[in-house]
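Asker: Protein sequence lines, in the order shown, are assigned to chains A and B.
Mapping to the UniProt record's numbering: the first sequence position 62 is 62, numbers consecutive.
Mapping to the UniProt record's numbering: the second sequence position 73 is 73, numbers consecutive.
Calculated directly from the structure, the hints in this document are not laboratory data.
Don't take each hint at face value.
Since the list gives no way to pick out one identical chain from another, each pair is judged satisfied if it fits inside one copy or across any two copies.
[Claimed, not checked] Keeping only pairs whose Cα atoms sit at most 30 Å apart, straight-line, the calculated DSSO-like set for lysine-lysine is:
1. LYS158 with LYS82
2. LYS78 with LYS158
3. LYS44 with LYS158
4. LYS158 with LYS35
5. LYS37 with LYS158
6. LYS94 with LYS44
7. LYS78 with LYS37
8. LYS24 with LYS35
2 protein chains.
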Amino acid sequence: MNAANIVSIENEESGTVEVDSMRKSVSVYKCGGDKGKYGKVEVKGKCNSVQVDNCTLLELYVDSVMSTVEVSNCKRVKIIMKPGARLNSVAIDKTDGCHIYMSKETQENTDFQVIAAKSSEMNLNFESADGEMYEKPLPEQFVYTLDLTGDQPAITSKVSDLYSS
Amino acid sequence: MNAANIVSIENEESGTVEVDSMRKSVSVYKCGGDKGKYGKVEVKGKCNSVQVDNCTLLELYVDSVMSTVEVSNCKRVKIIMKPGARLNSVAIDKTDGCHIYMSKETQENTDFQVIAAKSSEMNLNFESADGEMYEKPLPEQFVYTLDLTGDQPAITSKVSDLYSS
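Let the sequences and hints guide you as you build the complete structure.
Answerer: This is the structure in structure tokens:
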């Protein structure tokens, strides 16, 4: 990506990033609080994508994001969608603690998905139509079995029983 | 667990662990090779469980294990079941690179399962009845969606499209 299209914030506890074009991407690098206190970064304006890398104890507020919010190598981050924000996907990699607070518009977006690998303590927070708040964990442990009954051997993957309620 | 029931090997490139009772467990800690060359640890005899922790570049040969082979905080390990070895499960946590070589007896054990979290580059290696060798990756990336259509909101987890062949 053309560097001119990236708006960056680096090594800050808190701050605001303003985006003036939906073609721009936002990079949030090594931001966040310490001693149990969260830092806050706010992205103002619709953007193409957001990369959150190497951040600890960060609350990230976002407006609509066209492609993906990527969270990698982070610990204890909150992705908070502002009212009206529509997101299509959040990708989480090598991250411990990623709490996603969904806006009503993103809940209504049936294409919205979270893609995750090598991560733990992830959840989706949202409010149901009747006003009840939910916090749903995203499974991080899976069980694999080898299925030799078909024409070709196959691996079956299922969510660990840990998550059956 | 009673320490008298643990047989340990620590900080060795290679070695052999002999187990004289199925009630004993084996601890393999910080073992393995370097510079791309694998170390080899052999467990001789049936045991209750094997813990493989903090090992890099290790080939671990095992006989039957009653409960679980646990692989955690490792990089590039191979779990190689000796002929006749029957395993029930391998649990993989925070590990990059875990190749499991199945014995015929474990392939026939339909209860055999691999449980994994926060890990990458895992696969199962086995030989089919007609002698063909297989190497099947265990999915490490998952896609989550929120399903609001039922009585209660639910999270749906599926294997990433990366693994559809």
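Asker: Hints broken by the structure, by number, lowest first?
Answerer: 3, 4, 5, 8
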